[in-house]
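Novice: Could you put together the complete structure from these sequences and hints?
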Amino acid sequence: MTGVAFFLHYLLTIQETKQMEQKISSQLIATEAKIQNKLALEIDGLQGFVSGWEFRRGYDRLEWENDISNYLKTRSGYQAIEWVDKDYFIRWVVPEKGNENAVDLYLAFEEKRANALSIATQTKSTYISPKVDLVQGVKGFIVYNPIFIDDEFEGLILGVFNINSFFYRLLRDESIAGYQVFIYDNNSLIYSTTYTEEKDNIWWRSSRVFTYRGIRWEIVLIPNGTLINESKSPLPLVVLIAGLTISWLLVWGVNSLLEVSQRNILLEKARKEAEQANNAKSQFLAMMSHEIRTPLNGLFGILNLLKSTPLNSEQKDFIQTIEDSSKSLLLIINDILDFSKIESGKLELVIEDFNLQKCIKNVIDLLSFQAKSQGLDLKLFWDSDTPINLRGDVGRLRQVLINLISNALKFTEEGEVTVTVSSRRLQGVLDGTLEGNKDYLIHFAVKDTGIGIAKENQDKLFNPFVQADGAINRRYGGTGLGLVISRRLARLMGGDIWFKSELGVGSTFYFTVKVDSAPCETDSVGIAPKSVSGEITPCQNHDKQESPINYPLAKTVTINNHTSPSQTLENSLKILIAEDNPVNQKVALLLLKKLGYYPHIAINGLEVLDAVKKDCYDVILMDMQMPEMDGLSATEWIRINVDSTMQPYIIAMTANATKADEKRCFEAGMDDYISKPFEFQVLTEKLNLLEMAISQV
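Numbering (the numbering used here), first residue to last: 5 to 701.
Be careful, since some hints might not be right.
Label pairs and their calculated CB-CB ranges [stated by the list, open to error]:
no. : residue 1 : residue 2 : range
1   : L193      : A44       : 18 to 28 angstroms
2   : D500      : K617      : 49 to 59 angstroms
3   : N191      : E352      : 23 to 33 angstroms
Keep in mind the hints are simulated off the structure, nothing from the lab.
Ideal Cβ positions, reconstructed from N, Cα and C, are used throughout, including at glycine.
Specialist: What follows is the structure, given as structure tokens:
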């Protein structure tokens with residue numbers, strides 16, 4: 005009996021120890037991620053200046069020093085930012101005060117720096133040196149960013165970091181307040197939050213090696229005594245005393261309690277681990293989406309500017325190739341995000357009234373140019389009994405149709421692609437029985453005369469990241485996610501996707517969705533004005549392939565007849581750009597100037613507040629993520645504190661592209677939302693409408 009009490013005490017102590025070890029391990033991983041994110045952020049900032057240098061093919065010194073000074077006001081950990089010429093001499097230093105010893109210094113004067121220079125210039129990529137003794141008299145590390153213009157080496161931009169300053173600002177928040185943190189470079193201690201060597205509680209020591217762009221640091225975490233005491237539970241001691249006192253009465257009870265307790269602990273641990281994994285995945289995808297969309301926005305903006313300059317045919321072809329590749333990358337990013345949201349059960353349908361004919365016209369018009377360029381016929385067959393005005397998620401329905409028809413066009417080299425639309429009124433509407441709680445089942449069939457799918461490959465067609473044939477994939481491209489996402493979207497909408505295919509003959513993909521009937525005509529839901537290129541004439545029997553609707557392909561369409569802002573020399577809107585990324589600042593500034601505007605720039609939310617206090621703006625283009633104060637907080641302040649007659653029209657322009665982000669923007673008080681990378685025409689039309697609205701006041 006006494007042995008049972010001791011054994012239970014031992015198990016609870018072991019469990020407590022494992023929980024403490026898991027807690028330390030989780031914090032260690034979080035600390036490593038925090039260091040990597042900080043380094044990645046600083047590299048992105050320095051790369052922005054490299055891109056600016058390469059784009060301008062040089063830099064005026066005063067302008068460069070001014071830009072660097074403004075940049076350093078928002079950053080921490082820097083000793084200096086320096087420009088090194090192609091002969092490895094440091095020529096420009098910001099700030100110069102305190103860094104006088106670095107001016108005109110030959111950078112390759114010692115082995116570590118020479119090796120770092122060699123690696124950065126040979127690989128043409130960012131490289132971080134191990135710990136070095138800076139000539140300023142402190143320990144630091146250097147981020148080497150080479151500059152190449154027309155493949156010729158033009159020097160480097162160095163980020164020189166003071167190790168103590170870098171880690172002090174980074175590792176002083178509350179999340180790691182209960183830990184001693186030690187950073188080692190090549191077994192040499194370079195930073196400690198305790199300013200001493202390791203000595204207390206070293207039996208709880210946990211370490212992790214962090215490698216990134218040339219550095220190799222060992223990160224060590226040791227909990228302090230307060231955290232250890234707070235993590236201790238009195239339960240093991242209580243159980244031991246109780247067991248020794250009344251063990252002869254509680255043998256069976258203790259065994260039962262132990263079993264239940266262990267099961268609950270395991271279930272709770274599993275639940276927390278699942279939540280942590282899911283949150284980490286969501287945070288990672290959101291971060292990656294933002295980090296990828298931000299430079300893509302700069303790329304699309306520069307491409308728009310380049311397209312409006314005098315270009316020869318070869319240059320136009322190059323730019324079109326870059327634009328097509330960038331859009332393909334954006335589609336892949338969107339596919340991965342959609343797949344992740346579906347996997348985690350976080351994708352929600354947006355239910356609204358829509359016109360089915362206009363939805364399908366929109367899809368056919370969108371893909372008509374692709375069909376014409378391939379010499380294919382794109383035909384639509386419409387069952388006359390199919391309802392027109394419906395209620396459902398028109399955006400997701402359109403997404404599935406575009407994917408199915410695009411695939412049919414992609415894998416068809418000659419012949420035609422036909423789209424058949426029919427419907428079935430569900431049982432519940434006719435006789436009161438319940439069938440999916442919807443009015444109609446809409447049925448689509450997309451048939452092609454393409455390459456078809458071999459029988460042995462058909463079973464794996466709907467597996468994530470898998471395509472039917474590796475050789476076909478290499479020829480036609482794709483991620484292997486489109487059909488997976490489409491089928492899961494169809495099932496979310498109460499339908500499904502299946503297919504029939506014969507190798508060398510073609511394929512037919514069937515898509516169904518359950519919808520309600522809409523109470524009235526929905527002319528404009530999801531459809532741009534005058535965007536369709538033909539009229540739909542219903543046929544009596546679509547199965548017999550009678551009366552196909554042949555669309556005029558690649559028809560030129562006029563969206564509006566009024567003058568756009570780009571046609572005027574100067575426009576009346578006073579615009580403020582709230583953006584912290586230097587490249588995106590430049591892109592927005594140049595695009596708006598082409599439209600006849602002369603905007604001001606704020607690099608964070610605090611500067612936005614200063615600007616609206618001093619001046620009255622008609623429009624603010626607001627980024628969500630900015631240092632010091634983000635765009636959401638700035639918007640909330642403006643809506644509360646600025647007089648109602650002076651309120652600006654705030655448009656979110658952000659790389660946070662999820663529905664949740666859009667909702668947060670509107671809840672904060674923003675008036676409109678554009679996700680990065682944005683289409684130049686979209687911003688032009690929004691500003692055009694605002695110009696018209698103001699002129700009519």
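Novice: Indicate, hint by hint, whether the structure satisfies it.
Specialist: Status of each hint after checking the structure:
no. : hint                            : result
1   : L193 - A44: 18 to 28 angstroms  : holds (24 angstroms)
2   : D500 - K617: 49 to 59 angstroms : holds (57 angstroms)
3   : N191 - E352: 23 to 33 angstroms : violated (52 angstroms)
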